[in-house]
Structure formats: C-alpha cells, structure tokens
Amino acid sequence: METLPIGKSLERIDARAKVTGRAEYGADVRLPDMLYCKGVYAAHPHAKLLAVHTDEAKRAEGVACVVTGADIPGEKMFGELYVDQYALVCDKTRFFGDVIAVVAAQTQEQADAAADLVTAEYEELPVLATPQMALASDIAINADYPNNICGNVHVRKGDIVAGFQAADVTVSGTYRTGFVEHAYIEPESVTAIPDRMRRELTVLGCAQAPYNLRLTVARMLNIPIAQVIVKPSVIGGSFGGKIESAESLAVRAGLVALITGRPAQYTLTREDSIRESYKRHPIDFDIRLGAKRDGTLCAMQVEAIGDAGAYINMSPPVMYKTATLGPGPYLISNVDYNATSVMTNTVHTGSMRGFGTPQAIFALENAMDELAEKLHLTPTELRRKNLLQNGDVSPCGHLLDFHEVSIRSVMEKAAAELEFDDKYARYTAENKDGRRIRRGVGIAVSMRGASIGADGNGFDVARAYIEVLDDGSVNVDLGLTELGQGLRTCQSQMVAEGLGVSFERICLGNTDTSRAPATGACIASRSTLLGGGALKDASIKVQAIMARALARQFGKSTDGIVFREDRVKFADIDISFGEAAKICYDLCETPIAVGTYVVPRLNWNEEKGFGEPFYTYTYSCHAAEVAVDLDTGSVDVLKMVGCHDMGRAINPAMAKGQIYGGLAMAQGMALIEDLGHSAKTSALKNLNFEDYLIPTVLDVPDCNVPILDEHHDPRSAFGGRSLGEPATEPGAGALLCAVNHALGHAGLIRELPADLDRVFAAIRSMEGEKS
Amino acid sequence: MKQITLRFMLNGKNMELETAPNKRMLDVLRGDLGQTGTKEGCAVGECGACTVILNGEPVASCLVTAAQMQGGTVLTIEGMSETLIGRVLQDCFVEGDAVQCGFCTPGFIMSAYALLLKDPHPTREEIREAVAGNICRCTGYIPIVNAIEQAGIKLRA
Ligand code: FES
Ligand code: FES
Chain A
1 METLPIGKSL
11 ERIDARAKVT
21 GRAEYGADVR
31 LPDMLYCKGV
41 YAAHPHAKLL
51 AVHTDEAKRA
61 EGVACVVTGA
71 DIPGEKMFGE
81 LYVDQYALVC
91 DKTRFFGDVI
101 AVVAAQTQEQ
111 ADAAADLVTA
121 EYEELPVLAT
131 PQMALASDIA
141 INADYPNNIC
151 GNVHVRKGDI
161 VAGFQAADVT
171 VSGTYRTGFV
181 EHAYIEPESV
191 TAIPDRMRRE
201 LTVLGCAQAP
211 YNLRLTVARM
221 LNIPIAQVIV
231 KPSVIGGSFG
241 GKIESAESLA
251 VRAGLVALIT
261 GRPAQYTLTR
271 EDSIRESYKR
281 HPIDFDIRLG
291 AKRDGTLCAM
301 QVEAIGDAGA
311 YINMSPPVMY
321 KTATLGPGPY
331 LISNVDYNAT
341 SVMTNTVHTG
351 SMRGFGTPQA
361 IFALENAMDE
371 LAEKLHLTPT
381 ELRRKNLLQN
391 GDVSPCGHLL
401 DFHEVSIRSV
411 MEKAAAELEF
421 DDKYARYTAE
431 NKDGRRIRRG
441 VGIAVSMRGA
451 SIGADGNGFD
461 VARAYIEVLD
471 DGSVNVDLGL
481 TELGQGLRTC
491 QSQMVAEGLG
501 VSFERICLGN
511 TDTSRAPATG
521 ACIASRSTLL
531 GGGALKDASI
541 KVQAIMARAL
551 ARQFGKSTDG
561 IVFREDRVKF
571 ADIDISFGEA
581 AKICYDLCET
591 PIAVGTYVVP
601 RLNWNEEKGF
611 GEPFYTYTYS
621 CHAAEVAVDL
631 DTGSVDVLKM
641 VGCHDMGRAI
651 NPAMAKGQIY
661 GGLAMAQGMA
671 LIEDLGHSAK
681 TSALKNLNFE
691 DYLIPTVLDV
701 PDCNVPILDE
711 HHDPRSAFGG
721 RSLGEPATEP
731 GAGALLCAVN
741 HALGHAGLIR
751 ELPADLDRVF
761 AAIRSMEGEK
771 S
Chain B
1 MKQITLRFML
11 NGKNMELETA
21 PNKRMLDVLR
31 GDLGQTGTKE
41 GCAVGECGAC
51 TVILNGEPVA
61 SCLVTAAQMQ
71 GGTVLTIEGM
81 SETLIGRVLQ
91 DCFVEGDAVQ
101 CGFCTPGFIM
111 SAYALLLKDP
121 HPTREEIREA
131 VAGNICRCTG
141 YIPIVNAIEQ
151 AGIKLRA
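For the protein sequence lines, the chains are A and B, in the order given.
Per the working numbering, the very first residue in the first sequence carries number 1; after that it's consecutive.
Per the working numbering, the very first residue in the second sequence carries number 1; after that it's consecutive.
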C-alpha cells in the first residue's frame, strides 16, 4: 500500500513548542539593552497637526528617545497598493488610532508614563464618521480622493433591466453589517534590532506579510531592501489582521532602533491594538432579486457601500471580492453588482478572513430566503433550483468547466447533517403555536476565488527554495507565514509529496526574508494554491538535478525516473532518496532550486466587470440551527455545520480545525461582536474583551460538525485549495437566516450583529405589528 | 515604591527576588523571571491567556499582585511537562489538534490542569465550565474540549 504524505492528519510541526510554552511570540523576545515603546494617540480624529511637544517626555526617567513623523528619513507614508497610511502622523490626523509620537524607554512602565507627557496642538476639522457623511461632505479626508470614494468595482452581466422585467417576483431591501475586530488573542508586538556593522535592521514579531513589511521599513527608513531582515516570531493569530498593523509598529520601532542603536520592542496593549488596527469593513447593501414563479433567478442588483475608514488599506481589493463573489454560487444571467468603498474618519478597514464576502453572503442569502418565502419555496428548494453545476457560467461570466463544481453536493451534505429540510418544516409548524422559545434553521452557500484574482493579474507569484542536503534531509525556505492555520505543516506535506520523500526528511525552517525568496503574503486564500505551485516547481527542478547526477554515476539513462515513497527508481536502479542525495554531493552537483508559480493571466474585463475573476474556487455551505427567546431576545446557537470542498485536504484534521474555528468566528460576527462605533465622534467604545465580546466555549455549540467534500482540483499542483477564509464565509448568513426563520419572517433582522438589543427590538416590532 | 523580598515556589523550585509588591504576577513571571510561556492577551482578566495555578487554584495572573504570591506555590506552563496531568494534557492537545496559533494554549492547559487535579472524572459540561474564562479565536473550542476529555480518560486508565 502506498502511503503519500498528503491527506494524512500528521502532527503539527509547531505543536510541541506551543504546548510547553517554549514557542517564542513577539512579546517573548528578550534582548540585552532593549528599549520598550509606547505610542501617543491623536486627541482628535480629524485635525491638522500643528505641533507635537516632546521635550518633557524626553526628560522623563528612563526615556531614551521620543520620535515623531518628522524623524522618519524616507517616505512618510506606506501601503501595499495605495501609499496613504502614516506610521507616525506628519500633517493631519485622520482617526483616533493615529499615532503622533513614540516614546522609547528602559522599561514599559517608564515609556507609558512618559507618553502621557507628550502634548500636541491641533486645528480641528469636521469629523466624517460615516460613509454617508463623507459622501455628502465637500471635505476630502485624502486630497487625492476628492469625493472620499477610494474604490469601486462594478460587475455586470446580461441585461439587468430585462432581467427584472422577466421576473415574476422580486424582493428588495437593505442589509447592513458592522465593524468586526480580528481579535487575535496575541496583541501585536514587534522588535527591531539594529545591526552593529551597518545600517541594517532585523525585525522580529507578528508579521503576517513579512515581504510587505520589509518593503515598508526599507522605504520609510531609507535602508536597502536586502538590509531589512524580517523573521516572523510565532504568531498568535492574525486572520488578515497583522499586515499593515505590524508594518506601522515595525517602522516606529525601527526608527527608535536606528536612532538609539539599541533593540526596540513595541507591544500593543489590547486597547491600543483595537484602537489602531484595521477592522472588517462594515458594508451597507441595497439588494434586489428577481425570479420566475418556479424560483429560477433572473436578476440580481446590488449597490454596496463599504466603510474604508481613515486609510485606503485593502479597500479596493476588498470591494473586488464583494462584487465578484457577492453574487454567490448561483446560475444567473443578469447581474449588476456595484461595490464602492468610502473613506471616513473612523478606524480603517482592511484584510480580514473572508475579505468583503461574509458581509455580502449574509445580505444575499437572507434576501434569497425572502425570495423563497414569497415564492412559497423552502430555502433549500430555492437554492437547489439555482446552484451552479459543471459547465455553468458563474455570475461574473466565468465558464466553470475545469474542475468539479461541487456546490450542490456541498450543500446537500451540510443540509443532511443538520437535517435541514425536516427541521425547517417542523419548526415552521411548531413556531405557530405561540411558544416563547422558537427554533429556526438557516443555510448559506458561497464560492470563494483562490488568491488575489484578476485584480492581481500578472503579479500574483509565489517562490520557494528547496535544498537537498547530503544526508537526504531537505531544507525548505518559504516566505508564507504560519498563523496557526497549520500552513507550515501542510506545506511540508506538499514538499514531501512533491519530492517523493518521507515527511520526516522535510525541514521547513522559520521564515527569514534574507533566506526565503519573496513570495507575496499568506493572504487571500492563496497559500495552498500558490505555495503548492512553487514547491512543486522547485521539487521538479531539484529532481532534474539529482537525475543528472545519477545518470553520470550509473552511466544509464534516467528517462522516466520516479521519485516516490523515499525511493528513486530508473532503469534497473532502485535506491533510497538518501543515497541519491549523497551521490549528488559526491559528484559536486547542487540539488538546490528556487521554484516559481505565477497564477495564469485571467481574462477579466475590468471596464465591463465581466469575465474570469479568479483562477479557481472553493465551494462552501454552512447550516445553522438556533433557538430564540421571544421574551429576552437572546439567541442560542444549537448547532452549526460547515461543509467545504477545498479540492483536497492536505491535512484533514487541520482542515477540520479551520472549519471549527471559522464557524465560531462567524457566530461572533453574526450575533455579538460590536466595537461600539459612534456615528457622531467616530470613536470606538469597546476596546477590550470586557466590552468587545467574542464567543466563548459556552456560546459555541459543542456539537458543531465540519465536513470535507473533496474533489481534487486539476488547477492546483497538489489538488488542494484554501480553506481558511471559506471556513468563516457563509456562517453569519446562515445564522441570520436561522434567526429570521425562528422569528417567522425572512429578512426581519437585516443588520449585524443581531445582538440582544437588536433581536429584542425586532421581536417587539413584530409583535407590535400583530397586536 | 519600596521593594519586597518575594519568596515563592515556582514549578517545584524555590524562588527569591526583590520586586515591587504591586507588580502584576504576570510581570514577575514574564519580566523578572523571564518565564514567557504565560501570555498576556488583555490585562483585564477576560481572556485567560495569563492563567497560572496559585496554591492549587487557577488565577488570571494579570490581576494578581506580587504581594499575593508571597509564600505561595505557583505552577506555570513551563512546569507542566514535569507533572503527569500536565504531560498527558500536552499530548492530548497535540494529538487532538487543539492547538492552532497556540497563544491561548498555555492558559487552557492551566485551567484544564486545575480541573483534572480536583476532578479526574469531569463531564464535558464541567470541562466547558472550567475553561469558560479562556478565550480562543482559532479552534472553535471543540477540539480543546475533546483534548481535555481525552486527557481525563487517559489519566483514569
Ligand atoms: S491577560 Fe490576564 S486574562 Fe487576559
Ligand atoms: S489557538 Fe489561537 S487563540 Fe486559541
């Protein structure tokens, strides 16, 4: 029996270090002579910064230096796609999380105390706290975007007017979502270490995107890219959140390190982390759906407005995903989906697991239930009527003829596990008997594009370095970061399969940007597809080098050479991989290669908003069951099921781990998480876990079920696609469908989070209507 | 502030150091003693990442002062491998995929340790209650509860 490394639930390579306390996270770094940093936040969310007074702080006990924006020697702003974010404000504050000065001292306590001594002078500007205010204002938060609009993607297919004319039934309405905090349990921490010999910085800490960080530090601190070395520490969760957030800390700490010549650590308190780090976009959706009497969808029109906050960050690509994936996995001929992001003086928004789609799926799937209700169909009946199948064209115009379009099987498996159809009928009936605790079920489906998509046409590349050593061990340098998802274990499994060796040979060291070639970030559902592609390419190259050596050694043709299960076979030769490696070194060959994978160019027409938005897709369905107490408004989640086709589960146990976690994160977004944003002042009220509640073990049902529905993807080197983002994508939608089902009215609650107050108010309005 | 001489037992070893009496236990451990396995996630007693065992009880070390540790017995994640319950918990967390980013893990293991120390036969509901003060953003909890349940079974065998 053949045993390949992929598809096995191998032990996570970092687990032992994590259960013993040995794993070193950003704030665990201890260096002699190290300074501790503290930021001073803007007192006004929108104001000209006239002066920052640091003298008193500089004289305080233990203080080594105080830096401001004026001390930054290079570019004053950063940003991967749009360079508009301050690490230290220079001329104008844009939100409450802006930092105007950083104090570095011998101890954290001294830095904290001295930070209170920094004062500033401002000329206040009107605060544009919501997209509506920003759109109505003639004040530009960023002068380059005079109407405060910083991103727009408009998907169009067919003829939307004709589509609605052909419809027998339409539904329309508004859905809204709120800010969501990533709530990684590890607050951000970075340490910048100056080199003693030259102007060089090493940065340790929580860098989800080490190459982005390297570039930002290089540009802002005027150091050649090669002399910024980023070595991410063990990262305590990220979910998209430790990209720009880590970059600004690295610039500030790096500046301190360069000025003082001492290592500088910058760790955020939870409050500071929530105050300054970006969030998930709140998005308002005006949605309209039209269908034939039999349920066949004929038109979908959506106008989505996302709050970009103070900095553009990832807003335009987030809108790209909202518009291209928001239409869901449905066969529909007429689509008009317009997604726009608007800058405000609120906390900025950017990458977060799902990237603009959990919101859109919530809106769409609840509107689908409204449609089903109007058509007297059940939610599954309406979806069965419209879900994509092999050979269909996606809502954006992508002909899906290259892999198994499995969304139907994915939905049926989730529905069966929850006993959806049965419970839907049962609860619909029993809820009519006047009971005060009502149950409901909801189901939501999605398709998620892998990687950046056509938005990244031509530059979506990954690279990996593989070096076979003379004892047959394999050193792999890979720039994709471990965020807890198990990436480095999975990527090791892929190298092992790619090279045809046992898993034990693979040594995938920690990421070090001075060793691993630039590979883009571990973001956007790209690591399984792109990392896998690069590792496969490197494996093939290394095998070719080894084959050449073996041909020389044995004087035989190596045509048809096979590397498999730790053996190397050709002609009549059958040797171990270790022996083959040794032969390479004996003959002075170099079994080292860098592999490259570039996502093929996608045929996407940006003008028309039509074509192939992504290279391939993961299909997902979440089903949820809830109980709602009509007297209190409390929602008890009874069970959630997550079924996903991620192509091939590289490590099934970890794949299920992603689903368990994704379901819980969706539950938080759907029902409880609220930053307490003030639509007047733009301040966030809930800055720590006392107020910003995330699901605890007592909230999450103990009977949640993850299901893997695998159909190997021919477009992926090892058949797999990502799962991290899909795992949380449809959950909030499914939960709200369930809550609304329990309340007896699809689309009753249209805003997230559906917390106690909101659910209670909805019940009151519903009961008021009746009486 | 006046320093005190703090004496306590840490993972079976006698400790003695000069420190401020109002310093947080978390800072004594992480700062003075360099024992960084105990994590800080919120500093207000809400996340459980800083959980350690003080005199047999799980406590949020961000809310305990140095003075309260005086003469006490402290167990942290660094000492877990030297205890039977700790070792079994560690194995079960690894085998049960109860660890993702791992930042919450030391706190969960300490809470679970305190539970199993008192009650080797916890029900799932008791396990859930015991770790209700620990939050995890990655795992969705079920694998953690499974791991603790499994540890109880192994310890009884
Ligand atoms: S750091 Fe102590 S409970 Fe969060
Ligand atoms: S494993 Fe990441 S917070 Fe629990």
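Worth double-checking, as some hints may not be accurate.
Short derived list, chain A residues pointing at chain B, Cβ under 7 angstroms [what the hints assert, rightly or not]:
no., residue
1, Thr20
2, Gly21
3, Pro146
4, Gly661
Hints listed in this document are in silico derivations from the structure and should not be mistaken for laboratory results.
A virtual CB, placed ideally from N, CA and C, is assigned to each residue, including glycine.
Verification of the hints:
no.	hint	in the structure
1	Thr20	holds, 6 angstroms
2	Gly21	holds, 2 angstroms
3	Pro146	violated, 39 angstroms
4	Gly661	holds, 4 angstroms
Hint check: a violation occurs at hint 3 only; the rest are consistent with the structure.
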